[in-house]
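Colleague: Each chain is listed here by its residues.
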Amino acid sequence: MACELCGDGQNEGWVHDRAEGGATVTRQNDYDAIVIGAGHNGLVTACYLQRAGLDVAVIEKNDWVGGAATSRSHHPGITYSNCSYVCSLFRPEIMRDLELPKHGLQVIPYEGGATFSREGDYLGMYRDHEMLRREFQRHSMRDAEEYERYSRDVTRQCRFIQPLLMRTAPDPTSFHPRDVGELLYLGKKLNDLTETEMADMIRFWTMSISDFLNEYFETDLIKAVLAVSGIIGTALGPMSPGTAYVLLHHYMGEVDGSIGAWGFARGAMGMVSESLAASFRASGGTIVTGNAVERVLIRNGATTGIVLDNGDEFHANRVVSNADVKRTFLKLVPREDLPDDFVERVEKFKIRGSSGKVNIALEAAPEFPQLPAGSPCLKGDMHFSDTIARIEAAYDDWKAGRWSADPLLDMMIPSLTDPTLAPPGQHFMSCFVQYCPPRIEGQEWTDADRDGFAETVIGQIADYSPGFRDRILHMEVRTPRELEAEVGLTEGNIFQGELTFDQLLFNRPIPGYAKYRSPVRGLYMCGSSTHPGGGVMGAPGRNAAREMLRDLKRSPKDMSEPHVVI
Amino acid sequence: MSSSEIAAEDTPDGGGAGQSTNRYDAIVVGGGHNGMVAAILLARAGRKVVLLEADSALGGAARPHALADSGIDSALPQTLMLLHPDVIKVLDLEAHGLSYATAHMPTVALDPERGPLVLRGAFGATIDGDLSDRDRTAWTRLRPKLMRYASVLGGFLTDLPPRLGPTPLSEKSTLGKLGFAIRRLGRDDMREFLRMLLINVADVLEDDLLDDRLKGAVALDAVIGTNLGPRSPTSILPLYYRLAGEIAGAQGAIAQAKGGMAAVTATFARAAEHHGVEIRTGAEVDHIQVDTDRVTGVALAGGEIVQAPIVVSAINPKTTLIDLVGTRYLETDLVRRLGNLRMQGTAAKLTLALRDRPTFTGVSDADHAGRLLVAPSINAVETAFNAVKYGRFSDAPVMEITLPTVADPDLTPGGQHILSAIVQYAPHNLAGGWDKGKAAFEAVVLDTLERHAPGIGMLITAQELLTPADIETRYRMPGGHWHHGELAVDQMFMLRPTHQTARYRTQIQGLWLASAGSHPGGGITGVPGLNAARAIIESGGQ
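Chains A and B, in that order, are what the protein sequence lines are. Mapping to my numbering: the first sequence position 9 is 9, numbers consecutive. Mapping to my numbering: the second sequence position 500 is 500, numbers consecutive.
There may be inaccurate statements among the hints.
[Said to hold, decoys possible] Restricting the straight-line Cα-Cα distance to at most 25 Å, the calculated cross-link-like pairs of lysine-lysine (BS3-like) are:
#1 Lys-145/B to Lys-177/B
#2 Lys-177/B to Lys-189/A
#3 Lys-188/A to Lys-145/B
#4 Lys-102/A to Lys-399/A
#5 Lys-89/B to Lys-48/B
#6 Lys-89/B to Lys-348/A
#7 Lys-438/B to Lys-172/B
#8 Lys-348/A to Lys-331/A
#9 Lys-350/A to Lys-331/A
#10 Lys-172/B to Lys-189/A
#11 Lys-399/A to Lys-350/A
#12 Lys-399/A to Lys-348/A
#13 Lys-188/A to Lys-172/B
#14 Lys-350/A to Lys-172/B
#15 Lys-399/A to Lys-61/A
#16 Lys-89/B to Lys-145/B
[Said to hold, decoys possible] If you want the footprint, here are the derived chain A segments under chain B, 3+ residues with CB under 8 Å:
#17 84–95
#18 288–294
#19 408–417
#20 493–507
#21 530–536
It should be emphasised that the hints constitute simulated quantities derived from the structure, not laboratory data. Here the structure is a predicted model, which is why all the values come from computation and not from measurement. By construction, the Cβ of each residue, glycine as well, lies at the ideal position given by its N, Cα and C atoms.
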C-alpha cells in the first residue's frame with residue numbers, strides 16, 4: 001500500500017534516476033535496496049529508505065521479524081519477550097518519524113525495582129523521587145544526599161553524549177570537510193565545558209563503575225544496584241575500567257522524557273519490531289521471511305544483490321546488513337571481494353557473548369516475602385546480587401570459561417504491569433543472566449550444560465521465593481549458543497560487539513569503516529556493530545539510512561532533527 | 001572571619017615571620033629522587049634551597065635498607081628503565097658516578113617444563129628459545145608497533161600537562177602538539193594507534209601471538225605495579241609508559257645500575273651537594289605553613305620553623321595537601337578529588353640473602369643476570385589478579401625476579417647473592433589482616449620460587465617480604481603504591497594527581513607538587529621533579 005508521502009514528487013525523481021542507472025523495473029525481485037535481517041535496526045533503516053522513495057525489501061531468515069526484539073509464545077496464552085525485555089533506549093525521534101505509536105507501539109514506564117540482600121533486607125527503587133530518597137535514607141543518610149549529586153553528574157554526561165548518538169562519528173584521520181566539520185562541532189562542545197566538567201567526562205569514559213560509585217556511595221547494596229547498568233551486555237566486570245561508560249550507554253534512554261527511565265513495550269518487546277514492520281509495510285515495503293541470506297552478490301567490487309539459501313536471488317545496487325560485522329563479512333561476503341587487512345580487522349573484532357536468558361511461564365505470581373505485600377518494586381527489575389564483589393566474582397567465572405555459579409540476574413515480571421501478556425493469574429518472567437560464556441572451557445555447549453546453567457538461575461530465585469519451582473509451567477533457556485543459532489548474534493553478544501574504547505565511535509566496528517559503509521560499493525552496515533552500539537535504540541539503523549541517502553544525494557526529509565534532552 | 005584570621009588562630013606560628021632565621025628561597029619536602037632533582041634544578045638556577053627528608057637517609061623508596069644482619073641492603077626498585085635522559089644530562093649524573101652493571105638486561109620468561117624464552121636487547125629485539133616462526137614473525141611486527149606508539153606518548157613525559165576547560169590557547173599547546181604527533185604517524189598507523197590507545201593488553205597479544213610464555217611476560221610487564229589485570233581495559237597504557245623510557249641510549253631497555261639503588265641514590269645526593277643544596281635528614285615536616293592563600297614555609301616535627309616563599313613537595317600529593325596543608329585551605333572540590341585518589345598498591349617486595357647463586361630451571365648461567373619472569377600465561381597473570389579484587393593475595397603469584405649480584409658481585413661481601421623480586425598480587429588491606437596472613441603469603445611466594453629454582457630454600461640466610469602495608473609504613477607511601485597513585489586514565493597527564501593540580505602548581509601560592517603522584521608517574525624517572533622545577537623557574541618563582 002502506498003503511503004501519502006510517495007505522492008510528493010520525490011518518488012518521480014527517483015524513478016527517473018533509476019531509469020538512468022539502467023536497472024529494469026520489470027524484472028522480478030528487483031529492488032532499490034535490500035536489508036539483510038529484520039532486526040529492529042534493519043527495520044529502522046528500511047523504513048527511512050522506503051519513506052525516502054526507495055523500493056526496499058527486507059530479508060529475514062526466521063519466520064518472524066524482530067531479531068533480538070521479538071515476542072513469541074511458547075506456552076499457551078503467554079507472550080514471551082524472548083531476548084531483549086525492556087525499552088528505554090529506543091530513540092523518540094524514530095518513534096515519531098516512523099509513526100510507531102500509530103502502528104501499535106506503546107511504552108509503559110515501570111514503577112520500580114528491588115535488590116534483595118542476603119540478610120533479608122532489600123533496596124527498593126521507585127520512580128517517585130521522594131519515595132526513592134526515603135528508601136536510600138533508610139540505608140544511609142549520606143548516600144541519599146550523594147544520590148542527588150550522582151544523578152546530576154550522570155545526567156550532565158548523558159546530555160553531552162546523547163547528541164552524538166544520532167551523528168556519524170567523524171574520522172579523525174581525514175581532512176574531508178565533513179569530518180573536519182564534525183570534529184570542530186565536537187571541539188566546540190568540549191570547549192563549552194568547564195574544567196571540572198571535562199575532567200568528569202574523562203573519568204566517566206574511562207573509570208570502572210565500581211571505582212566511580214565508590215566516589216559517591218558507602219552502602220554495598222546501593223552500589224551493587226547501580227553497578228548493574230555498567231555491565232549488562234558486556235564481557236566486563238564492574239571493576240573493569242570503561243564500565244562507567246557502559247552505564248551511560250544504558251542511561252541515555254528516556255521514557256516519557258525522563259532520562260534513565262525504563263519501560264515495557266505493551267504486548268512484549270516484539271511490539272517494537274512489529275510496529276516497525278507495520279510502518280514499513282504501510283509505506284509500501286516488502287518483507288520476505290523464512291529464508292536466510294546465503295551470500296551477498298558482488299560484481300566488479302559493487303554489490304548487485306543477495307542470494308538466499310534456497311537459491312532465490314534478489315537484486316539491488318544497495319544492500320545493507322543488519323547482521324553483525326563478523327557474520328556479514330566472514331560469512332555472507334566472499335573473502336576474495338574484501339581487502340585482506342579489512343578481513344583481518346573483522347576477525348579481530350571483539351564480540352564476546354557474556355549473557356544468557358531464562359524465560360519462565362508461571363502458573364501464579366511468585367512471592368518474595370522480603371518485600372512488603374503489594375510493593376511496586378515487584379513491577380520492575382529485581383536482583384539478588386547485593387555486593388559489587390559478588391558481581392565481579394560472577395565475572396571471574398566467565399573469564400575462566402564457565403557460567404557464573406552465583407550469577408547476576410536482571411529479573412522482571414512484565415505481566416504484572418501488562419495484563420495482555422498472560423491469562424489471568426498466570427505470569428511471564430524474564431531473567432537476563434550474566435555471565436554466560438559462548439563456549440564452556442573451550443568446548444561447545446551441550447544440552448546438559450544448558451540445564452546446569454538454568455539450574456543456577458532457578459536455584460537463586462528459589463532461595464528468595466518459596467514455592468517458586470512448583471509454579472513453573474514452561475521455561476525457555478537461551479545460552480549464547482541458542483542466541484547465535486536463532487537470532488544470528490555471533491557468540492550471542494547482545495551488542496553485536498563489545499562496547500570498549502577500541503570499538504567505540506570512529507573505531508566502531510573497524511577504524512576507517514565507521515561510517516556504515518564497507519569496502520564493497522553499495523554494501524552498508526546498520527546493525528549494533530556500528531556506532532553507537534547496542535540496545536534497542538535504533539540509532540545505528542537511522543544513521544545508516546542517513547548515510548545511504550547521502551550517497552544517493554537524497555535528502556532524508558522524513559528524518560527529524562535529533563532530539564535534545566533538556 | 002577572614003581566612004588569615006583562621007590561620008593565625010589555628011596555627012600559632014602562622015604569623016611567625018621573624019621568629020626564625022632559617023630563611024630560604026625554596027624548601028623541598030621529601031628526599032626521594034624527585035625531590036633531589038627538583039632541589040638541584042632550583043639550586044642550579046641560583047636559588048637557596050634546603051631539602052628536608054624525614055628519614056635518616058636520602059633516597060625515598062630507593063633508599064638502601066639493611067636486611068637483618070646479612071650485610072646486604074634492599075630497596076624497592078630493582079631496575080632502571082625510565083630514568084629520563086634529560087635528567088641524566090641536566091644533572092650530569094654520569095659525571096657524578098651513574099654507571100650500569102648491565103645496560104640491557106635480558107628478560108627471561110620462565111617455564112620449568114618447556115624451557116624459558118629469553119628476550120634480548122631492548123624489549124626483545126631478539127628472542128632465544130623454541131619460539132615458533134609464526135610468533136617470531138608476528139613479534140617483529142608487534143614489537144616496533146608498541147615501541148612506536150609508546151614513543152608518541154613518551155614525547156609528552158617532560159611536557160607540562162595542558163589545562164582543561166576554557167583556558168587560553170597557550171595552555172592548550174600541548175594538546176595541539178599531541179594531535180600533531182599522532183597525525184604524523186600517517187593515516188593507517190594513526191587509526192591503529194587510536195584503536196590501541198586504551199585497549200587491554202591481553203587482546204593485543206592474543207590477536208597476534210600464540211606462545212604463552214611470551215604473552216605472559218609482556219602481560220606482566222604491562223600490569224606490574226598497577227591495580228589491573230591483563231584483561232582490564234586500558235592495561236596497555238602502563239606498558240606504553242614503560243616502553244616510553246630510554247636507558248643507555250635504547251628505548252625500552254632495562255638496566256641494572258652498578259652498585260645497586262644505593263649507588264643511584266648516592267649519585268643524586270652528590271649532584272645535590274655539588275650544586276649547593278642544603279640537605280637535612282631526620283627533618284620531618286609537621287605541617288606546611290600557609291598565610292591566607294600563600295605558603296610561608298614549613299614547621300618541623302620538633303617545632304622548628306623553616307621559611308621560604310616556595311615549598312616544593314616531593315612526597316605523596318594527598319599527604320601534602322590533606323595532612324600537611326589541611327583541608328581548610330583547600331577548595332571542596334579538590335578535597336573530594338584527593339579523597340577519591342586511588343592508590344592501593346598490589347605489589348609486594350621480596351628480598352632474599354642467599355648463600356650461593358640459585359639455579360633457575362633451564363636458564364643459562366649468564367642469563368641469571370637478567371629479569372626472570374614468573375608469568376606462565378596471560379590467564380595466570382589474570383587469575384593472580386582476581387584475588388586482589390577481594391582483598392586476598394594470589395595463591396599462584398606472578399613475579400619479576402632479579403639476582404643483581406650475578407652481574408655485580410661487589411654488592412655483597414663474601415660471595416653471597418641477593419634475590420630481589422616484585423611479587424603480584426598482594427592487597428594493601430588483606431582480608432583478615434596482614435598480621436595473621438603474612439606468613440601464609442610468604443610460604444606461597446617461597447613455594448613458587450622453589451618450583452622454578454629447586455633448592456633455593458636451602459640457600460636462604462635472611463629474608464624480607466614487604467607487603468603493600470609494610471611499604472606504606474617504611475617508605476611513607478600511602479596505600480603502598482609505587483606510583484603514588486594508580487596510573488589510570490582518570491589519574492594521568494592533565495588529571496594527575498587531580499585536574500586542579502596537574503600543572504604542579506596548587507591552589508596555594510608558592511606550593512608546588514613534584515612527586516611520582518604528579519605527571520608522568522612513578523618509577524625512577526626524575527621527571528616529576530624536573531617538570532615541577534622547570535615550571536617554578538618559568539613562573540618566576542610564584
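Colleague: For the pair supplied as a hint, Lys-348/A and Lys-331/A, is the alpha-carbon distance within the 25 Å limit?
Modeller: Given pair Lys-348/A, Lys-331/A holds - Cα atoms ~15 Å apart, limit 25 Å.
Colleague: Count the residues of the stretch 84–95 of chain A whose CB lies closer than 8 Å to any CB of chain B, then report whether that count reaches three.
Modeller: violated (count 0)
Colleague: Holds or violated: Lys-172/B with Lys-189/A, Cα cutoff 25 Å?
Modeller: holds, 16 Å
Colleague: Apply the coverage criterion to the stretch 408–417 of chain A and chain B: a residue qualifies when its Cβ sits closer than 8 Å to a Cβ of the chain, and three qualifying residues are needed.
Modeller: violated (count 0)
Colleague: Is the Cα-Cα distance between Lys-89/B and Lys-48/B 25 Å or less?
Modeller: holds, 22 Å
Colleague: Within the stretch 530–536 of chain A, is the number of residues with a Cβ closer than 8 Å to a Cβ of chain B three or more?
Modeller: Check failed, 0 qualifying residues.
Colleague: Per the coverage rule (Cβ-Cβ under 8 Å, at least three residues), is the stretch 493–507 of chain A covered by chain B?
Modeller: It holds, with 5 qualifying residues against the three required.
Colleague: If you look at each residue in the stretch 288–294 of chain A, do at least three have a Cβ nearer than 8 Å to any Cβ of chain B?
Modeller: violated (count 0)
Colleague: Check the hint pairing Lys-438/B with Lys-172/B against an upper bound of 25 Å on the C-alpha distance.
Modeller: Not satisfied, since the Cα-Cα distance of roughly 48 Å exceeds 25 Å.
Colleague: With the threshold set at 25 Å, check whether the alpha-carbon distance from Lys-399/A to Lys-350/A stays at or below it.
Modeller: holds, 14 Å
Colleague: Decide if the proposed pair is consistent with the structure: Lys-188/A and Lys-172/B, CA atoms, cutoff 25 Å inclusive.
Modeller: holds, 14 Å
Colleague: Hinted pair, alpha-carbon criterion (25 Å max): Lys-350/A, Lys-172/B. Please report holds or violated.
Modeller: This hinted pair is violated, its Cα atoms lying about 35 Å apart.
Hint compliance for this structure: hints 3, 4, 6, 7, 14, 15, 16, 17, 18, 19 and 21 are broken, all remaining hints hold.
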